[in-house]
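S.K.: Chain by chain, the residues run as shown.
2 protein chains.
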Amino acid sequence: MKENRIYNFNAGPAALPLSVLEEIKDSFLNYAGSGMSVTEVSHRSKWFDDIINDAVTRTKRLLNLGDNFHVLFLQGGASMQFCMIPMNFLQNGKTADYVNTGTWSTKAIKEARIQDKPIKVVASSEDKNFSYIPKNIQFNSDAVYAHITSNNTIKGTQWASFPDTNGIPLIADMSSDFMSRSFDADRFGLIYAGAQKNIGPAGVCMVIVRDDMLELVKETIPSMLNYNTFAGKNSMFNTPPCFAVYAVQLVLKWLDETVGGLDKMEELNAKKAGLLYETIDSSDFYRGTAESDSRSKMNVTFRLPNEEMEKKFIQKAIENGFGGLKGHRSVGGCRASIYNATSLEAIEALVDFMKTFK
Amino acid sequence: MKENRIYNFNAGPAALPLSVLEEIKDSFLNYAGSGMSVTEVSHRSKWFDDIINDAVTRTKRLLNLGDNFHVLFLQGGASMQFCMIPMNFLQNGKTADYVNTGTWSTKAIKEARIQDKPIKVVASSEDKNFSYIPKNIQFNSDAVYAHITSNNTIKGTQWASFPDTNGIPLIADMSSDFMSRSFDADRFGLIYAGAQKNIGPAGVCMVIVRDDMLELVKETIPSMLNYNTFAGKNSMFNTPPCFAVYAVQLVLKWLDETVGGLDKMEELNAKKAGLLYETIDSSDFYRGTAESDSRSKMNVTFRLPNEEMEKKFIQKAIENGFGGLKGHRSVGGCRASIYNATSLEAIEALVDFMKTFK
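Chains as they are written, first to last, in the numbering used here: chain S, 1 to 358; chain B, 1 to 358.
Incorrect hints may have been included.
Unchecked claim - Pairwise CB distance ranges, derived in the manner of DEER restraints:
| hint | chain 1 | residue 1 | chain 2 | residue 2 | range |
| --- | --- | --- | --- | --- | --- |
| 1 | S | Ser-141 | B | Val-121 | 45 to 51 Å |
| 2 | B | Lys-25 | S | Ala-270 | 34 to 40 Å |
| 3 | B | Ile-318 | S | Glu-219 | 26 to 32 Å |
| 4 | B | Asn-320 | S | Glu-267 | 50 to 56 Å |
Treat the hints as calculated values from the structure; they're not laboratory data. Backbone N, C-alpha and C fix where the C-beta goes; we use that ideal spot for every residue, glycine too.
Produce the entire structure from the sequences given, and follow the hints as far as they go.
M.R.: In structure tokens form, the structure reads like this:
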């Protein structure tokens, strides 16, 4: 590959489109004729306004969002959202439903409970080591929202379709599959995604919030933890993480113009994941860890016959230019994270390697 | 200048050392032989460990910090610290003292009061439009900390030396003069600085916190708002803002190796500010807005005979390659922000321009 770049299967921070990296590099000392690096431009300038407004416009177009949605760029990652969501929406003793599908859902639940919010866990796949997505969930009618994790990076599971909540607004942590497929956003009260998997570098979290959710915030809370602060100022109450927002804008432009939108992206992602799961299923040597109907198209988790062999596989892969194939430290095994920016070529090369290694 | 770069006097995000920008650019597609961009490298990798550990080590060396200090990289800027400081340290009804020297101090006070913390404002320069730094302040003996803003970007004032607090730990927002001079850090319980003025791009806030302050955190608060979460995990409880941390590391390396430390930096900054204030004081055409003994060496604020002339000055400056000279929108006038990365050459060019314009 160009500049001796590897095939990057990191779980996040993850691969970015090469054309985006090249554009950042080429303009790094002088952004858009400003005579400054994009890192040196004021966030109160026309240059940065154009960046953030373009990112918002493209997000709205890609997801087909109505005017009742606000697109925000916040700091602190998805982890900060675990805290902000209950703080903003569960005031005056209100309750919400959570579905537990793994490590990140568990953390979201923990941060609501730390604040003494009376939330309910209405379904969990913990009984089978989070290897599946629960079905036929009964949500509580008094829940202000129903929280799910749309894709589980560590366990390699993903909601194939979103649950019926009987009208309760969905809130989803989409960090690891955001913008990887089309979906009906109207059912969501809030969507959040740390950028460092599908839409940019680490350091910014996109939050999409619906007007009616913002009206729930009645109690006084610190400005930096209140969604209304950011919704009223186009994410510029204080200095935003400018470089990360800029990189996100370029990734969205790539998704919009080069890939051709979410339907095209979804098709390509299905093909990429399909190739890998076929390789895994075609032998007894590799074994997928997630139940078939819950498999993630973003994080393909698998095991080899034994740990010794897995260690060898990961080592040989590195020697052959494939990075990031080690499973999360909490579960072991192997994992190929194949977000939007991972090319079909990279998948084909990996499949060849897996066949040869076997 | 190289690549048609301008002389950048932005208040923040601000100029970065050209050598740092060039290093980022040159390695942007393949960081340190990793085969990945620095934005694509895992924060759990040796590459990123080396980056963050080097940034911590250099910070400790530059500021001569003992082992009882933790150097943290947080998100949300100084504004998030306004909220986190009272949340962590003023538990169980404890109180603290605040000195109000302008817009940012006022915001820090507001975010403590939003949380119903019984803080006291022990001094303020609001009576004279924040044009000076208060003297002979009486701090309360029951205060957990004494909060100051070391440099006021908007009003152009700066603490020439830090106040005697009778042993109460100082907490300082040093966003706009951090690493611009030497000082005795031992008197501080916590120091924080949004990176985008003196030490890097927007998107990361450095927090230096002393062990005994961390012990004050007793009540349960959300993980992402608790200093102990980050102190216990070398700032990697969740994914840190990797690119911004990397840029900070390079700026610290530049400060350490190219500039030669804080004494050298202080000397250069004094010379730079001196040249500008001399130019302002040598005529009736330009007029400094801060009282002489409170003048900032980072943000030189001044007025021209009338607003019409100021508009013309800023416009002519842009045409001549000087950016960012407009005063903050809340006060008007002119301002030259001359942080560490602003070269003596840039100051000399500005002085020439000011003389010609007059």
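S.K.: Against this structure, judge whether each hint is valid.
M.R.: How the hints compare with the structure:
The hint said 45 to 51 Å for the Cβ distance between Ser-141(S) and Val-121(B), and at roughly 48 Å that hint holds. With their beta carbons about 37 Å apart, Lys-25(B) and Ala-270(S) fall inside the hinted range of 34 to 40 Å. For the hinted restraint 26 to 32 Å between Ile-318(B) and Glu-219(S), the CB-CB distance of approximately 45 Å leaves it violated. A hinted range of 50 to 56 Å for the beta carbons of Asn-320(B) and Glu-267(S) is consistent with their spacing of about 53 Å.
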